[in-house]
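Visitor: Residues per chain, in single letters:
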Amino acid sequence: DTGVSQDPRHKITKRGQNVTFRCDPISEHNRLYWYRQTLGQGPEFLTYFQNEAQLEKSRLLSDRFSAERPKGSFSTLEIQRTEQGDSAMYLCASSLNSNQPQHFGDGTRLSIL
Amino acid sequence: KNQVEQSPQSLIILEGKNCTLQCNYTVSPFSNLRWYKQDTGRGPVSLTIMTFSENTKSNGRYTATLDADTKQSSLHITASQLSDSASYICVVTPQGGGFKTIFGAGTRLFVKA
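Chain order of the listed sequences is U and E.
So in the numbering used here, spot 11 of the first sequence is number 18, and the numbers just go up one at a time.
So in the numbering used here, spot 69 of the second sequence is number 1030, and the numbers just go up one at a time.
Hint data in this document are derived by calculation from the structure and do not stem from the laboratory.
Owing to the predicted nature of the structure, the values given are computational and were not obtained by experimental measurement.
Treat the hints with care, since some could be wrong.
What the hints assert, rightly or not - Subject to a maximum C-alpha distance of 20 Å in a straight line, what follows is the list of computed EDC-like cross-link-like pairs (lysine to aspartate or glutamate):
{"id": "1", "chain 1": "U", "residue 1": "K78", "chain 2": "U", "residue 2": "D93"}
{"id": "2", "chain 1": "U", "residue 1": "K64", "chain 2": "U", "residue 2": "E85"}
{"id": "3", "chain 1": "E", "residue 1": "K1061", "chain 2": "U", "residue 2": "E63"}
{"id": "4", "chain 1": "E", "residue 1": "K1061", "chain 2": "U", "residue 2": "E59"}
{"id": "5", "chain 1": "E", "residue 1": "K1018", "chain 2": "E", "residue 2": "D1045"}
{"id": "6", "chain 1": "U", "residue 1": "K64", "chain 2": "U", "residue 2": "D93"}
{"id": "7", "chain 1": "E", "residue 1": "K978", "chain 2": "E", "residue 2": "D1045"}
{"id": "8", "chain 1": "E", "residue 1": "K1061", "chain 2": "U", "residue 2": "E51"}
{"id": "9", "chain 1": "U", "residue 1": "K21", "chain 2": "U", "residue 2": "E85"}
To be verified - Residues of chain E placed beyond 10 Å of chain U at every Cβ, according to the derived structure:
{"id": "10", "residue": "L975"}
{"id": "11", "residue": "K978"}
{"id": "12", "residue": "N1016"}
{"id": "13", "residue": "R1022"}
Built from N, CA and C at the ideal position, the CB exists for glycine as well.
Whenever a hint applies, use it, and build me the whole structure from the sequences.
Guide: Encoded structure:
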């Protein structure tokens, strides 16, 4: 399968812990996006990379959130000192350019106890 | 504020019937409008993509229409199948803002046998 893959699929952790998610985009795609989705809502933009450069961050991305794409391939999203409000599905998507559809992974579902 | 509003919020139809989902947007000017299908627990999958100059696009039993004058789009599903049960999300990309895609909250479609 050469689609976007995300790991882990599910993460359950206690409030206050740090978590890290990984996204492997489609190999030739230089654009990578992170979104957060809560139940009954559409995805909300978090951040965007073009190759290894993080070009935009949403105001939703508080200082507890950090994303990296060190070699322009896979990306990680870290949440420090998790809060219950962080419980959501975290989706990663990639695209070849801005005019092509974004291909989404199946997300990481985060549950904070 | 750029917005994408979808209706209805949810819809129940019998297998084999047709249905139409609506999307109203205020994003202007825009680059493209897309419809995605999202199965429960999965990432969204692109169904159709239309630029502002197109007014219809088909993908099998799915047909999307676009009226740029009234800023409305619809997704028509013909001869529904049980596997069509999913959320359908309308997504608009502002002109010049490739990563600034705006997602609607989606319409949750239930197809019953």
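Visitor: Could you run down the list of hints and mark each one as holding or not?
Guide: Status of the hints after comparison with the structure:
Restraint check for K78(U) and D93(U): not satisfied, since their Cα atoms lie roughly 27 Å apart, outside the 20 Å limit. For the suggested pair K64(U) and E85(U), the alpha carbons sit about 14 Å apart, so the restraint of at most 20 Å is met. The straight-line distance between the Cα atoms of K1061(E) and E63(U) is roughly 9 Å, inside the 20 Å bound, and the hint therefore holds. Only pairs whose Cα atoms come within 20 Å are accepted, and K1061(E) paired with E59(U) is accepted, the gap being roughly 18 Å.
Annotation: proposed proximity of K1018(E) to D1045(E) holds, straight-line Cα distance about 18 Å (limit 20 Å). A hinted pair counts as satisfied when its Cα atoms are at most 20 Å apart, and K64(U) with D93(U) qualifies at roughly 17 Å. A distance of roughly 11 Å separates the Cα atoms of K978(E) and D1045(E); the hinted pair therefore holds under the 20 Å criterion. A C-alpha spacing of about 10 Å is found between K1061(E) and E51(U), which places the hinted pair at or below 20 Å, so the restraint holds.
For a cut-off of 20 Å, the pair hint linking K21(U) to E85(U) stands: about 15 Å separates their Cα positions. Here L975(E) stays apart from chain U, with its beta-carbon at least about 24 Å from theirs, past the 10 Å limit. Look at K978(E): its CB is around 24 Å from the nearest CB on chain U, clear of 10 Å, so calling it non-interface holds up. Once the 10 Å rule is applied to beta carbons, N1016(E) is consistent with being away from chain U; the minimum gap is 18 Å.
With a closest Cβ-Cβ approach of about 19 Å to chain U, R1022(E) is found to remain outside the 10 Å limit, as its non-interface label requires.
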